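So the protein sequences, as listed, match chains A and B. Reminder that position 481 of the first sequence reads as 481 in this note's numbering, one-by-one numbering, no gaps. Reminder that position 104 of the second sequence reads as 104 in this note's numbering, one-by-one numbering, no gaps.
Hints listed in this document are in silico derivations from the structure and should not be mistaken for laboratory results. Note that the coordinates shown come from a computational prediction; the quantities given were computed from them, not determined experimentally. Virtual Cβ for every residue (Gly too), placed ideally from N, Cα, C. Among the clues, some could well be false.
Claimed, not checked - The following label-pair restraints were derived from C-beta to C-beta distances:
1. B:Thr146 to A:Ile253: 31 to 39 Å
2. A:Pro237 to B:Glu140: 44 to 52 Å
3. A:Leu419 to B:Val98: 55 to 63 Å
4. B:Val98 to A:Gly391: 30 to 38 Å
5. A:Leu104 to B:Asp112: 29 to 37 Å
6. B:Gly175 to A:Leu419: 52 to 60 Å
7. B:Val98 to A:Ile253: 53 to 61 Å
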Amino acid sequence: MGEGSRTTNTLETKPPRRGSNWTARRGVLEYIRVNMTMHRWFAFLLILGLASGLAQSVRTQGLGGLLLPGPEAARYNPAYAAYPAGNYGYNEGFRLPIGLLGFLRQSANPFNYFFNKEAFFDKTNGFDLLTFYDQLIYLDSFLLNPARSPDEVVFTLLPSGISITDGQGNRLRTNFSLGTGGSAPTSLTPPPLFGIPLPLPVPGLSLELGLFLGTDGLSITPSDTLRRALASGKVDPNTEYSLTGSGNAQAGISLGMAYAAALPTVPGLEGQLYGGVRGEGFYGLGYAEANATAKARTDDQGQFDTNGTSYTTKLFYSYVGNGTGFGVRADVGLALDYPLVGSGQDKNARLTVGLGIRNLVGFSRWQGSEVSLDSSGTSSAPQPATRSSGGFRPAFYLNGAYQSPLEVGNLLVGADLLLDGALSGHVGLEYGLGPARLRGGVGYEGGLVFGLGGGFQTGGFSLDTALTTHQAPFFGGLVYGLALSLGFSF
Amino acid sequence: MQLRYLLPLLLLATACSAHTLTTIKTDIVPFIPEGSRSGEINVTSTSYIPSEAGQAISLNLGDTLKVLEEARIKIRVRLENTGSVPNDVSVMARIAPVSDSTNIFDGGSNTDCRTNDCLLGQGSLTLPSGSNNAGVIEIEVPLTPTEKPSALELIKSGQFRIGLRLQMNGSLRYGLEQGELTVQARLFQLLNR
């Protein structure tokens, strides 16, 4: 058995370069693991930020996500700070955090990693980040069937076609976006987790100090060529295919000053007009932005070229001690309350519309560090880097509501539209009869959401509940949730 | 395609649950020289695809190989009898470590694929002469902790050689139609190491 010529061809081009400053030779997984200690807090920022930014009242959930005119909507339209809370208001009591019960599920319990590793890594019911994430962003609801990662994901890269499917052959979504996609910072900071109102002697003028935590979004985006290839199952010769994932999170201390008031009567305009302005600045505590792109190129025969595939990953981070972050922005808003005072059943009917423009002018800047890793094994030591945004990048919020007494009971309908990088909107309806309320609504938040709810108020007790649905992130499918609030007064 | 470059995509899409099994189906035919994938033989003889030394393949999937649970190799050879009498044809697939000799068909009944070449699978048929003279031999071999575990261990090492031997008793035209490698792993389990 002597040595002779061997036919050698490999699935790899060349080994990663040794001796780099980082442990790149072990690949992306090792990189993530080694740097987990350093960056784990940013991961928590990302996840918790999503949760905080999307919390909704039980009534809003029952209305399919619709936010009615009133102080609750002042974050989106500063004019609503001066709007009478009682017009559309409803005291729904204390929101029970029943979403926390969802974390008792083995698949959504991250603490098992520390206390019960066997359960955490169980191959049937172990931890599922998607289940955890879904429950976290719908923290006000107990999700009856939270999103679950597929049991199998199949990547097929054969001459007969390419595809990404689940174990049953159903194609998986490779195009997903939440918010603005998370590829750049913005001065449009999320609502504060904790707000401390600072009293001011001037009516209508308010000052609030807050701690915010949030994300501008997450996205996974295939190139146009890859999107077409996945749709047709075929690849073209001499074509590049790529898939990019992005996400970010930020935290900081905000200081907002707002002024809102009922405006003087405008000749020729019936109804009451409200106006508001708000200026907000923030000092950044932390910002993280991650971006990964995988690329592959086909040759003349339509085969994937082993020398034409690559990936790049970049991570930018800034935190107190490592960098600085700050930003300012201005918001304006108007609301018109049009009392439909008439006779009969229209008496006391009301129509309200409002338009809020946030970030009419804004600026934000983060100075920090950037590290990168590419498919050649080359990694970089942290380099000083800056992320900034500014100028006219407004976010529009248009909403309206109408309520009218009926012969029996009363009716409320409303709609809102939010253009904030991505478009979302809701329509909802509530019927009140004595102490009871029935409500329902539908919305679009990157996917369809539905809500169905009811409330009951009598004496010193109130109970509200909502059944909600939303589309599971990434893999689709309807998720049902249950929200509950209780109120007591003495 | 260089499988390791799929890692970012895999991480984005699938490495987020303990129960998700990631399956990658890829084609190993392109790694065999085009001229060795098909041929025509006019005498009773033995032929190899691509050669006695087999085809060396390196699966640089990094840590993913450590959590590889199963693999599957599927081979399909198209055959056509070009002679005037029936032709008995057999196809044998063998796998070997990179350190094996230049002949991966001399290991006999060895079953430890990590140290010497061993049998993956084989098939045979008789091709009639005349109009109905074509056929295919398919070899599909699951590699699991209980079925050919040493071959699975060899795949997990990321380095191996694979080859086909064709034996016939007449003239023949042949072509390698399919060489599909499927690997399955739960990437989330990497966090448990």
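Evaluated hints:
1. B:Thr146 and A:Ile253 have their C-beta atoms about 59 Å apart, which leaves the hinted 31 to 39 Å range violated.
2. A:Pro237 and B:Glu140 have their C-beta atoms about 30 Å apart, which leaves the hinted 44 to 52 Å range violated.
3. About 59 Å separates the C-beta atoms of A:Leu419 and B:Val98, a value consistent with the hinted range of 55 to 63 Å.
4. The hint said 30 to 38 Å for the Cβ distance between B:Val98 and A:Gly391, and at roughly 58 Å that hint is violated.
5. A beta carbon spacing of about 47 Å between A:Leu104 and B:Asp112 contradicts the range 29 to 37 Å that was offered as a hint.
6. For B:Gly175 and A:Leu419, the hinted distance range of 52 to 60 Å is satisfied, since their beta carbons lie about 58 Å from each other.
7. Against the hinted window of 53 to 61 Å, the Cβ-Cβ separation of B:Val98 and A:Ile253 comes to about 59 Å, which satisfies the hint.
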